[in-house]
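Asks: Taking the hints as your guide, dock the two standalone chains into a single complex.
Residue numbers (my numbering), protein chains in the order written: chain A, 4 to 188; chain B, 37 to 246.
Hints listed in this document are in silico derivations from the structure and should not be mistaken for laboratory results.
Even for Gly, the Cβ is constructed at its ideal location relative to N, Cα and C.
Hints are not guaranteed to be accurate.
To be verified - Part of the chain A face toward chain B, derived, beta carbon under 10 Å: (1) 94; (2) 98; (3) 101; (4) 116; (5) 119; (6) 120; (7) 124; (8) 125; (9) 153; (10) 156; (11) 159; (12) 160; (13) 168.
To be verified - Restraint ranges, calculated between C-beta atoms of paired labels, are given here: (14) A:6 x B:72: 52 to 60 Å; (15) A:144 x B:192: 35 to 43 Å; (16) B:188 x A:129: 31 to 39 Å; (17) B:123 x A:9: 35 to 43 Å; (18) A:133 x B:211: 46 to 54 Å; (19) B:61 x A:6: 43 to 51 Å.
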Amino acid sequence: MAKYYDIDDIITEEETVSVIFQKAASGVGIDPSAEMDFVEAGSKVELPFWLAHELHLRQAVSVNVPLCFNQKTRLEIQADSASVDLRSRCPFFYEFGCKMAPLVADRTIGFLLLSAFKSRYKEVLTKAHTASFEAGSKFWTILTKEEINLYETAQSAMASFKKWRIGGARFQIASILRRKRKPTE
Amino acid sequence: MAGQSDSELSLFSAEELEFTAEDELVEIVPNLKMPPLNLISGDFGPFTPQIVTKVPLWLAVALKKRGKCSICPPQWMSLEKLTQVLEAERDSQEMSEQLPFHYVEISRLLFEHARDNIPDVYMVRSLIEDIRDVRFHKVETDLEAFSGRTIAVKIKNLSAMEVNIVRPFIGRALQAFYKHDSPELIPDPERVSDSRPQVVNNAPRRQLRR
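Only chain B is shown next, with the shape it has when bound in the complex (with noise of 0.2 Å):
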């Protein structure tokens, strides 16, 4: 795929995710007149001036690019949330939950085409930027207890922008631990003294999100 130096390990490229992201759906105040929209995903209006009604967000983003609507932030986007969102990833050694699955994503395109509908959005904006370096540096922290035996991780709560930037790394490293740990390297006696601690050992499977 685009962009990426292994096509084996990276399976989305940023801009990919962002179009997965333009599913989600956002709240819209529109200014024109129009009837319902009839599309796979769901119907969507009508549209009446000043009522308030949900639409995906590349709808969202289309609309406001030709003037015809103000697109609501979402309620995680405002300054007293972000806050609070950032104190608690600050303070704990977990993901917090509180954000949604795609708000690296979410957070840009709103920035991109409706600055003017988010209030503070320099505040909200740097918020968030700070939020992530938190939890991507969480990410990291994470993937240090990689060892030899290591089958899988478990990071709770995870974007989807932080699984993808992490992926082809960890791919990478769990294959050089693999090969590196093969019995027909390291003979059994060794095995039983290298006992180091490990803190993801029997996680059955990789549990990205919950």
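In isolation and in its complexed conformation, chain A is listed as follows (with noise of 0.2 Å):
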């Protein structure tokens, strides 16, 4: 449970999935357009990731292959995975897709994953260290929350680099002896 209080994690796990339900089920109201609280079998519902796998563990739905990780993702990042605009899809493209794979059947999208992670690693590494903030702003429009995390810690390690070659004041006066003192009365 480490990553239980992970806000990245939790936004990962919010992300919706299409599920067909196995079973019948009466009394719940997740299906918005049904007329009833009832759920048929064979009736096709989004729901979010977590509910989602907890429902599949018990084995009441089976799930889609979801949106994201589609052939037509697959093509475009085969032909440039660089310039695929995997943000808007999914925000957390590696991570939900890592939370995917034992629940479908594909057993593709862990080698989807890496190869996509590969390839626009490249591309990640020569912009962080030596593009300026200005263009870099534009190209990480474009990544993913893990690609932009794995970005800035490049851009902030080079930019703390770069202040300190810069120079400035070798000591820092602590907050406490910078504050003036009060005027007495």
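Replies: The structure is reproduced here in structure tokens:
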């Protein structure tokens, strides 16, 4: 449960997936289009991942491959992975993929993730340490959260090095010392 | 630690590295008379005017600030030597081993405090900048070789500051690769078909400096 309080992990699990109910369920209002609180077996419903996951464990639903791992995305990633806008498809593409892979029958998701990351990593690497902030900000609108983290680590390391090289005050004054003395009445 | 985004991944800030670099020895020509200093790291001095002696960089800078000495720039900071190093760096993909481990920090400290003691200071400065850029570009090229099963990177003769800049990035990147290449996600048949050439596959440990 190391990730229990990880906000990114929570947001990842909010991602919706489409599932097909294998059993009928009554007394649940999860299908907004249904007239009654009743879900028939075989109906297709969009659920957040965390709920789908639990229901899948109980074999109540079967999970479809989410849109962001569909054939179209795959082809685009194969063609030119560096310029695919993964962020608009799913901001937590890799984490979500890792969570989805065991649930769906499709075994190629893991491979897709690795190959996508491998080729996009190179792009991040070349831009992260050298590009200026303005040039970079355009680039990172297409990155997923994980790639942005990587990119920002590199940028901040480089920025703190540059700050050091330019120089400045060698010793920093502790904030408590900088405070002006209160005027005495 | 100070300055950087993720405390787990970055060990030192640039200022801390500068602090470590201040233990390197430099030669100074004092212009005061003083008995030897007995410090934990060793005895330095005696200081006699016009007689060259070796002291740690921090002491040299402190004396210099008070106008009590002039600092002799180290051998490698001469114009000829640096030009030679720059050429060597440009010629091969290997990192040259002619510069000291802390060259970035030492040169910056000397530029800041002892400009008047360095001959051709502008040229020296821009040469060091060029060398640093060339070397950093090489590091980036080396890092491109990362792939799923990379467990270690072998880059020889990397300097302290260069390691420090790329350390957080490498840490994260390796973690991400490790996560995505875990056997649960990638079934075996595809592992075999994915046989890209790997430069740094079996390196036993990360060796940063020989």
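Asks: Any CB of chain B closer than 10 Å to the CB of residue 119 (chain A)?
Replies: holds, 9 Å
Asks: Does the closest beta carbon of chain B sit nearer than 10 Å to the beta carbon of residue 159 (chain A)?
Replies: Holds - the Cβ of residue 159 (chain A) comes within 10 Å of chain B, reaching about 5 Å at its closest.
Asks: Given a hint of 35 to 43 Å, does the C-beta separation of residue 144 (chain A) and residue 192 (chain B) actually sit inside it?
Replies: Given range 35 to 43 Å: holds, Cβ gap about 38 Å.
Asks: Holds or violated: is the Cβ of residue 101 (chain A) closer than 10 Å to a Cβ in chain B?
Replies: Holds, because the Cβ-Cβ distance from residue 101 (chain A) to chain B comes to roughly 6 Å (cut-off 10 Å).
Asks: Given a cut of 10 Å on the nearest C-beta pair, is the interface hint for residue 160 (chain A) held or broken against chain B?
Replies: Constraint on residue 160 (chain A) satisfied, holds at 5 Å.
Asks: With a cut-off of 10 Å, does the beta carbon of residue 124 (chain A) approach a beta carbon of chain B closely enough for the hint to hold?
Replies: holds, 6 Å
Asks: Does residue 156 (chain A) meet its interface restraint, that is, does its C-beta lie within less than 10 Å of any C-beta in chain B?
Replies: This interface hint holds because 4 Å falls under the 10 Å limit.
Asks: Quick one: are residue 133 (chain A) and residue 211 (chain B) within 46 to 54 Å, going by C-beta?
Replies: violated, 23 Å
Asks: Range hint 52 to 60 Å: satisfied by the CB atoms of residue 6 (chain A) and residue 72 (chain B)?
Replies: holds, 58 Å
Asks: Under the criterion of a CB-CB separation shorter than 10 Å, is residue 98 (chain A) in contact with chain B as hinted?
Replies: holds, 9 Å
Asks: May I ask you to test the hint 31 to 39 Å on the CB atoms belonging to residue 188 (chain B) and residue 129 (chain A)?
Replies: For residue 188 (chain B) and residue 129 (chain A) the Cβ distance comes to about 22 Å; the hint is violated.
Asks: Restraint: residue 153 (chain A) near chain B, CB-CB cut 10 Å. Satisfied or not?
Replies: holds, 5 Å
The structure fails hints 1, 16, 17 and 18 (numbered hints given earlier, in ascending order).
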